[in-house]
Amino acid sequence: MSSHKFELLDEEVEALLDQVADKLEFAIGRCKSQEERKRILSEIERSLNDASGSLLEMDIEARKAPAEFRGTMANKVQRYQNEVTRYQGRLEQERSSQMATRAALFSNSDSNDNFDNEIRRQVQQGTAILERTSASIARSTAIAVETERVGTDVLGELGTQRETLTRTRDRLIDTDAELSRSKRIIRSMSRNVLYNKILLILIIILECCILGAVIYWKFFMK
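So in my numbering, the last spot in the sequence shown is 209, and the numbers never skip.
Hints are not guaranteed to be accurate.
Lysine-lysine pairs mimicking BS3-like chemistry, simulated, CA-CA at most 30 Å apart [unchecked claim]:
| hint | residue 1 | residue 2 |
| --- | --- | --- |
| 1 | K170 | K184 |
| 2 | K63 | K10 |
| 3 | K63 | K51 |
| 4 | K51 | K(-8) |
| 5 | K10 | K(-8) |
| 6 | K63 | K(-8) |
Derived CB-CB ranges, DEER-like [what the hints assert, rightly or not]:
| hint | residue 1 | residue 2 | range |
| --- | --- | --- | --- |
| 7 | R73 | I106 | 30 to 36 Å |
| 8 | D161 | C196 | 51 to 57 Å |
| 9 | S83 | T134 | 33 to 39 Å |
Hint data in this document are derived by calculation from the structure and do not stem from the laboratory. Backbone N, C-alpha and C define an ideal beta-carbon position, used for all residues, glycine too.
Could you put the whole structure together from the sequences, leaning on the hints where they help?
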């Protein structure tokens, strides 16, 4: 994997889900009282909430990862999310079963005090659940804000890179134009040099002819 943080979160989520699976499969079946069962269900809920929070952080790491790792990391996050959803469904089933058992107990009980105490415990439990849910939402909100900040930074960096590439392209265009002008000048200079060579050759030939004529007139005409 490309992210050490992702690997640590992966190990954390896997450990939490193993604990949840063990409690759902074995610990609940060994409960000897409703209070113990309620405690285990609360532990399962906390573990699932912690796993959900860690999965949000894993998703952020996966989105920031290089392209060659991103698909594998995203698939692992999705698999864990499916497991969390499945365990949450099992948790709701166990709670529904517990509530049905309590309803049966209440229907057979003639003690109003015990009923009031049970209602009070349920309210306290509901309050605790709401507090944990609020904490989880707050953590998710913080992660979302961090994700937005990272996205904003990435967009800003991309904008800067775009400006740099635009300036580089403009310089390349100017350089290409300068090279074209330089080529035209070099070709013009080459033609001038060639013309000068031809002219020089003609002058030399003319001088040779004049010199020959002078020699002929001086030595052979007399």
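The hints, checked one at a time:
Taking the CA atoms of K170 and K184, the gap is near 21 Å; set against the 30 Å cutoff, the hint holds. Taking the CA atoms of K63 and K10, the gap is near 23 Å; set against the 30 Å cutoff, the hint holds. For the hint linking K63 to K51, the alpha-carbon distance of about 15 Å falls within 30 Å, and the restraint holds. Pair hint K51 plus K(-8) holds up; C-alpha atoms about 12 Å apart against a cutoff of 30 Å.
Restraint check: the Cα-Cα separation between K10 and K(-8) comes to about 27 Å, which is no more than 30 Å; the hinted pair holds. Between K63 and K(-8), the direct Cα distance comes to roughly 14 Å. Compliance with the 30 Å bound is thereby established for this hinted pair. One distance hint, 30 to 36 Å for the beta-carbon pair R73 and I106, holds here, with the actual separation near 31 Å. Range check, D161 to C196: about 53 Å between beta-carbon atoms, so the 51 to 57 Å window is met.
A C-beta distance of roughly 35 Å is found between S83 and T134, which places it inside the suggested range of 33 to 39 Å.
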